[in-house]
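Asker: Given the structure of chain P, go ahead and fit chain F onto it with the hints provided.
There are 2 protein chains.
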Amino acid sequence: MTTSTPQSAALRPEPAADAAPAAAADTGYVHGYSPTEARRLGEQADTLAALLHAGTSYPAGSRVLEVGCGVGAQTVHLLTANPGVLLTAADVSADSLARARDRVAEQLPGADVRWHCGDLHRLPFPDGSFDHLFVCFVLEHLADPAAALAALRRLLRPGGTVTVIEGDHGSAFFHPRGAAAQRVVDHLVRLQADGGGDALIGRRLYPLLTGAGFRDVAVGPRTVYADGARPALVEGFTRRTFVAMVEAVRGEAVEAGLSTAEAFDRGVAELRRAAEPNGTFHYTFFKAVAVNP
Amino acid sequence: MTTSTPQSAALRPEPAADAAPAAAADTGYVHGYSPTEARRLGEQADTLAALLHAGTSYPAGSRVLEVGCGVGAQTVHLLTANPGVLLTAADVSADSLARARDRVAEQLPGADVRWHCGDLHRLPFPDGSFDHLFVCFVLEHLADPAAALAALRRLLRPGGTVTVIEGDHGSAFFHPRGAAAQRVVDHLVRLQADGGGDALIGRRLYPLLTGAGFRDVAVGPRTVYADGARPALVEGFTRRTFVAMVEAVRGEAVEAGLSTAEAFDRGVAELRRAAEPNGTFHYTFFKAVAVNP
Chain P
1 MTTSTPQSAA LRPEPAADAA PAAAADTGYV HGYSPTEARR LGEQADTLAA LLHAGTSYPA
61 GSRVLEVGCG VGAQTVHLLT ANPGVLLTAA DVSADSLARA RDRVAEQLPG ADVRWHCGDL
121 HRLPFPDGSF DHLFVCFVLE HLADPAAALA ALRRLLRPGG TVTVIEGDHG SAFFHPRGAA
181 AQRVVDHLVR LQADGGGDAL IGRRLYPLLT GAGFRDVAVG PRTVYADGAR PALVEGFTRR
241 TFVAMVEAVR GEAVEAGLST AEAFDRGVAE LRRAAEPNGT FHYTFFKAVA VNP
Chain F
1001 MTTSTPQSAA LRPEPAADAA PAAAADTGYV HGYSPTEARR LGEQADTLAA LLHAGTSYPA
1061 GSRVLEVGCG VGAQTVHLLT ANPGVLLTAA DVSADSLARA RDRVAEQLPG ADVRWHCGDL
1121 HRLPFPDGSF DHLFVCFVLE HLADPAAALA ALRRLLRPGG TVTVIEGDHG SAFFHPRGAA
1181 AQRVVDHLVR LQADGGGDAL IGRRLYPLLT GAGFRDVAVG PRTVYADGAR PALVEGFTRR
1241 TFVAMVEAVR GEAVEAGLST AEAFDRGVAE LRRAAEPNGT FHYTFFKAVA VNP
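Protein chains in written order, with our numbering: chain P, 1 to 293; chain F, 1001 to 1293.
The following block holds chain P by itself, in its conformation from the complex (with noise of 0.2 Å):
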């Protein structure tokens, strides 16, 4: 517990559209690409992966992408639940690469992962060169995810498929309720909606997907509950995941008008209660998976 300090829910950096990379791996990624935010997002994957991994197996042999690995928190639960897949991990910031890079020697050391910088719009990849697509936290945090999803498919080949695992904001509740809280979780909600993303975007994966023309959509919640059974998920979640990423926004909203800093830490508090011995707190993920025709 001690060690376990993952902070976003929501979590792969994208750029807008159009952004080049360079000048995107410092824009437009609500979280931030600091090294304490990289350890966060290890250790949340790590929480979450049975809950977010189960039934993602590939044969191997495949030919897998992974769209916006960042620093490879999913990269390497996707190698160590699939070991003989061939991996290309994709995502536009040179730095978070070479993140992802360096924590899969450390973790798998003779693991072997292509790695490509450049734009989930533009990837240079030949049509169908791919048999499955993993895209996990990305499409949150993209202006036009339907464009995203269709430039995607293209790398598919017929048959093949994609996994999309997304957070919904709108899913987290909690107790003790109270209005101050529910206010710095909007906030998060308004700050991503802000920067061109979509912090509710669990609820919207079935029509993107099928919008985008894949066929055999199948999305399904993946639920997280804490309560003061589980002491382990209080502290890895609701307080070490949930709490701290909407705490990490104070600045910006504070900046953005959305708040004064005393109301905000008000929330917070009020928030964090959900993470005392009588506090519980809800939150699902989704978890889609669906067929290029």
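Heads up, a few of these hints could be off.
DEER-style ranges, computed between Cβ atoms [as the list claims (entries may be wrong)]:
#, chain 1, residue 1, chain 2, residue 2, range
1, F, Ala-1269, P, Leu-86, 44 to 52 Å
2, P, Arg-177, F, Ser-1129, 31 to 39 Å
3, P, Gly-55, F, Leu-1108, 32 to 40 Å
4, P, Ala-193, F, Glu-1262, 26 to 34 Å
5, F, Arg-1122, P, Ala-193, 47 to 55 Å
To be clear, the hints were calculated from the coordinates, so they are not data collected in a lab. For each residue, glycine too, the CB sits at the ideal point set by N, CA and C.
Answerer: For chain F alone, coordinates are given in the frame of chain P:
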């Protein structure tokens, strides 16, 4: 599908703590006692039975008390899954009990149930009369669910279990989003609160049960997610359970001054878009099991 008209996700009648049974049958239960409502309750219970009853298994010979059995919607599923139990079913409404008896006689002829009409706060059974209690969609209608649980715990032998199932309307979110749709959901929550209940009680089961002196309290989310890939669930849950439940309080909401009729209808129309081919709907029930020390 055409015969499926369940309406309410929050469904068991119980009066406020001190109401006499006869009076209680016509007051305090937001969903009403009509035959149409009774049919809806039964059909909703069928739709959700697999989700809600999974894991509830009592050894043959167990003395089980269903508290607030209402029209017997859950009773049938309890008996089907646990044919050897010695079931007592209690409800404050003699009329509901009569319907429950008819339902069980029709669907499970020969099933042996003891029926008891009385207020759950003052059931006349000796201490420790039961091995297991089953309480589904009841606490949400009570002014003091903590007191109710404490009163019920007395009926349980040491080591016996209580199972509690409740919804939480704060878990309802949908695509497309809409402020008018959210408002009608909020009206339903408000009306239930004004009546002394709590439509957001699911998130509180853990502190309620621990506070009432139970131990080994284990609460789990049971999430319903419906989209265009699951037309039966869209019809049975989104449209005929949740939207219909909201629609049913239109008169009350208008009478209470929460909404104009027109605004309410706009909200319901907006909510109904969640049941269209590109819509999605999310709802989480909570199921708790706890032990009497």
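Asker: Run every hint past the structure and note whether it holds.
Answerer: Against the structure, the hints come out as follows:
no. : hint                                  : result
1   : F:Ala-1269 with P:Leu-86: 44 to 52 Å  : 50 Å, holds
2   : P:Arg-177 with F:Ser-1129: 31 to 39 Å : 36 Å, holds
3   : P:Gly-55 with F:Leu-1108: 32 to 40 Å  : 37 Å, holds
4   : P:Ala-193 with F:Glu-1262: 26 to 34 Å : 29 Å, holds
5   : F:Arg-1122 with P:Ala-193: 47 to 55 Å : 52 Å, holds
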